[in-house]
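Asks: Sequence:
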Amino acid sequence: MLKFSFKSAVWSVVYLLLLLSLLTPLSVLAIFFMMIPGVILFASLPVKSFIWHLVPVAIILVIFSPIYLLLLLLFTLPAIVMGNAYKKKKSALFALMAGSGAMLAEYLLLLLIGSVIFQFDLSSYIDDVVRLTIEPLTNTSSQMVNGFVWTPEMTQDVARQTQLMIPFALVVTSLVMALITHLIARPILNVMGVVVPKFPPAREWRMPRALIWYYFLALLFEVISRQSDGTYWTMIAMNLSPLINLGFMIQAIGFFFFLSHAKKWNPVVPYLLAAAVFFIGPLRIIGIIDLAFPLREAISKPKR
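Counting in the working numbering, the sequence shown runs from 122 upward without gaps.
Within a straight-line C-alpha distance of at most 25 Å, the following computed DSS-like cross-link-like pairs (lysine-lysine) qualify:
| id | residue 1 | residue 2 |
| --- | --- | --- |
| 1 | K385 | K422 |
| 2 | K209 | K169 |
| 3 | K210 | K128 |
| 4 | K210 | K319 |
| 5 | K209 | K128 |
| 6 | K209 | K319 |
| 7 | K319 | K208 |
| 8 | K384 | K422 |
Calculated from the structure, these hints are not laboratory results. The model shown is predicted, which means the values in this text are computed figures rather than measured ones.
Taking the hints into account, I'd like the entire structure generated from these sequences.
Replies: Set out below in structure tokens:
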């Protein structure tokens, strides 16, 4: 049975406007909100109704440009994956991982199709963008103070480092898109009568203890990359280390909220400490210690 409502029609219009904005300067911001309408529509509607809501959107997009259909498909598939997780009452973390994983898989598939079918060279594209961005520095370097001169070798090094960090950038972008989608879609769906689980309290956040071993593995890759002239090991080390450090930061934030809850501190304190984790690198060591040793159990253990 088809299901239509004013709310679902509004979200179809929102989806259309977001897709149309992708070929404008607003795309830098709009891309992080692209999955929201699709998730809301799929989670709140039967499959047939969801498809019929997308039909007029697709027709209007074709009128503007056929490329919009590819963009519609690109963002609808991960939205379906994430919306289906909500329909099946999966945990918030499962929905987040499913949505970000689907988005990441599509990014990789697009890169593969672009390179194999359309002979798109991502490395050359990044090199051109970096050179175009840094060109003003090279043109004015002779006038800069303290005798600093930006050389072509520096530009080449920046381009190389950027290319090596592409996997990390894709993973983080996918996670951020899924996280923003959940934070916005969840309260809207709850108002619409679709119960969506929320994330556990920050004090319960814990990373797998195996992250410690991944950390040592990343250190090993870093040592190998320094002794190797190839870019393969360097790329692994450069992308694995930031992801692991992000895990330690999440663990540290969870510990600070746990400690604040156990000690009954002012509610503002854990938020300040959580913000400090992103700016003060050594604080992530707290996350490492909390993973390696039972700190939370020791704190919550009743005193005799």
